[in-house]
Structure formats: structure tokens, C-alpha cells
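J.: Each residue of the sequence shown is one higher than the one before, starting from 232 at the first, in my numbering.
FYI, nobody ran anything at the bench for these hints, they're computed from the structure.
A quick note: this is a predicted structure, and the numbers were derived from the prediction, not measured.
Don't be surprised by glycine CBs; every beta carbon is placed ideally from N, CA and C.
Mixed in with the good hints there might be a few duds.
Below are the DMTMM-like pairs computed for lysine to aspartate or glutamate, each with C-alpha atoms no more than 20 Å apart in a straight line [as the list claims (entries may be wrong)]:
hint : residue 1 : residue 2
1    : Lys240    : Asp300
2    : Lys344    : Glu306
3    : Lys240    : Asp311
4    : Lys344    : Asp355
5    : Lys240    : Asp324
6    : Lys348    : Glu284
7    : Lys318    : Glu306
8    : Lys346    : Glu284
9    : Lys344    : Glu284
10   : Lys346    : Asp324
Label pairs and their in silico Cβ distance ranges [as the list claims (entries may be wrong)]:
hint : residue 1 : residue 2 : range
11   : Gly365    : Ala298    : 37 to 45 Å
12   : Ser313    : Gly248    : 19 to 27 Å
13   : Asp351    : Ala246    : 37 to 45 Å
14   : Ala298    : Gly261    : 15 to 23 Å
15   : Asp324    : Ala352    : 40 to 48 Å
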Amino acid sequence: MAQLQVNGKTMEVDADGDTPLLWALREQLGLTGTKYGCGLAQCGACTVHLNGEAVRSCVRPLSSVSATDRITTIEGLSRDASHPVQKAWATLDVPQCGFCQSGMIMAAAALLKAKPKPTDADIDSAMTNICRCGTYNRVRAAIHLAAGQVPRKSIAIRLLDPNGSEA
Numbered sequence: 232m233a234q235l236q237v238n239g240k241t242m243e244v245d246a247d248g249d250t251p252l253l254w255a256l257r258e259q260l261g262l263t264g265t266k267y268g269c270g271l272a273q274c275g276a277c278t279v280h281l282n283g284e285a286v287r288s289c290v291r292p293l294s295s296v297s298a299t300d301r302i303t304t305i306e307g308l309s310r311d312a313s314h315p316v317q318k319a320w321a322t323l324d325v326p327q328c329g330f331c332q333s334g335m336i337m338a339a340a341a342l343l344k345a346k347p348k349p350t351d352a353d354i355d356s357a358m359t360n361i362c363r364c365g366t367y368n369r370v371r372a373a374i375h376l377a378a379g380q381v382p383r384k385s386i387a388i389r390l391l392d393p394n395g396s397e398a
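Can you make the complete structure from the sequences, with help from the hints?
T.: Below you can see the structure in the form of C-alpha cells.
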């Protein structure tokens, strides 16, 4: 039996130590917002925060997580979707199919915590999640919006021209 600190609560999981954290969250704890994508830590659909850092939960065994580690899933990012990243995602209609979006949001939230005013290069470096729908321009614009770097009226320009020029 493993004890986990998930979304501010202590929870017990009855699973082997080599069970991926993703499956403990989804199957044992019912937190299905974190998605299974590739199972190889490549796509990022399974991204959660571990002690504030974005990690891929599909390849992280339970045995690597201690009882004092803090895990945050998409369900724990905010109670009412009021996190700035979630609000920016909704404002810009970022999701297409939506499958990758919980992982994208978690990666973006970790980025903004580490770099509150990220550059495009910072975003490109941190956002390694794969979106099959290709919403990358909207993701970048939403991160800038969440960081308060882009006035709302220039969002349409940013979406049409990712470099932000009005020419």
C-alpha cells in the first residue's frame, strides 16, 4: 500500500511499486483527467506536477514517489478552472479534440511558475507535448495571455502571425 499526496490530500493506493503513477491516478484514484497517450513519455498527455515540476506520469513508477512528494493533477490545478492557464485556454478556444490538453495545461502551468514572463523560445523549449490537432499557435498565444504579456486585442494577430507582427 502506497501513500500519495495528491491534490492536497493524502490517499492510499494498493498497487505494485512498478505500476506507473498514471495508472495509480486513473485506475486506483479515479482521477481520469490525466490521459494515457503513448506510454513512452513522448507525447505529454500524462503530464502532472510532482513537487511543482512537470513530469510524465506514464513512465514514473510508484516506487519513485515518496509519501511526502506533492502530486498535482489537472483536477487539482484549480477547483473551478480559474487558473490563468485554464482561463486563457478557454478564452482562445485552444482545444480541438482536447485529448492532449490536460497535459498541455499542466506543462504550461509549470512553465509559468518557473518563468512568469516566458519568451517564445522558453515556450518552445518547455512545451514538448504533442498535439495531433496542431494547436501550437493557440497554445503559445494562450501562454502569453496567461502570463499577461499579450493584450487581448492583439490575440487575433498573434494567432494569424505567431511572430506577433501586424505587417
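J.: Now tell me, hint by hint, if it's right for this structure.
T.: Going down the list of hints, with the structure as the test:
1. A C-alpha spacing of about 11 Å is found between lysine 240 and aspartate 300, which places the hinted pair at or below 20 Å, so the restraint holds.
2. Taking the CA atoms of lysine 344 and glutamate 306, the gap is about 18 Å. The hint holds against a cut of 20 Å.
3. Between lysine 240 and aspartate 311 the CA atoms are separated by roughly 17 Å; this keeps the pair inside 20 Å, and the hint holds.
4. For the proposed pair lysine 344 and aspartate 355, the alpha carbon gap of about 16 Å is at most 20 Å, so the pair holds.
5. Taking the CA atoms of lysine 240 and aspartate 324, the gap is about 31 Å. The hint is violated against a cut of 20 Å.
6. A distance of roughly 17 Å separates the Cα atoms of lysine 348 and glutamate 284; the hinted pair therefore holds under the 20 Å criterion.
7. Using a Cα cut-off of 20 Å, the hinted pair lysine 318 and glutamate 306 holds, with the two alpha carbons roughly 14 Å apart.
8. Restraint check for lysine 346 and glutamate 284: the C-alpha separation of about 12 Å stays at or below 20 Å, so the hint holds.
9. Between the alpha carbons of lysine 344 and glutamate 284 the distance comes to roughly 9 Å, so the proposed pair stays at or under 20 Å and holds.
10. Between lysine 346 and aspartate 324 the CA atoms are separated by roughly 23 Å; this puts the pair beyond 20 Å, and the hint is violated.
11. Checked against the hint of 37 to 45 Å, the C-beta distance between glycine 365 and alanine 298 comes to roughly 40 Å, which is consistent with it.
12. With their beta carbons about 36 Å apart, serine 313 and glycine 248 fall outside the hinted range of 19 to 27 Å.
13. The beta-carbon spacing between aspartate 351 and alanine 246, approximately 40 Å, falls within the hinted interval of 37 to 45 Å.
14. A hinted range of 15 to 23 Å for the beta carbons of alanine 298 and glycine 261 is consistent with their spacing of about 20 Å.
15. Checked against the hint of 40 to 48 Å, the C-beta distance between aspartate 324 and alanine 352 comes to roughly 25 Å, which is inconsistent with it.
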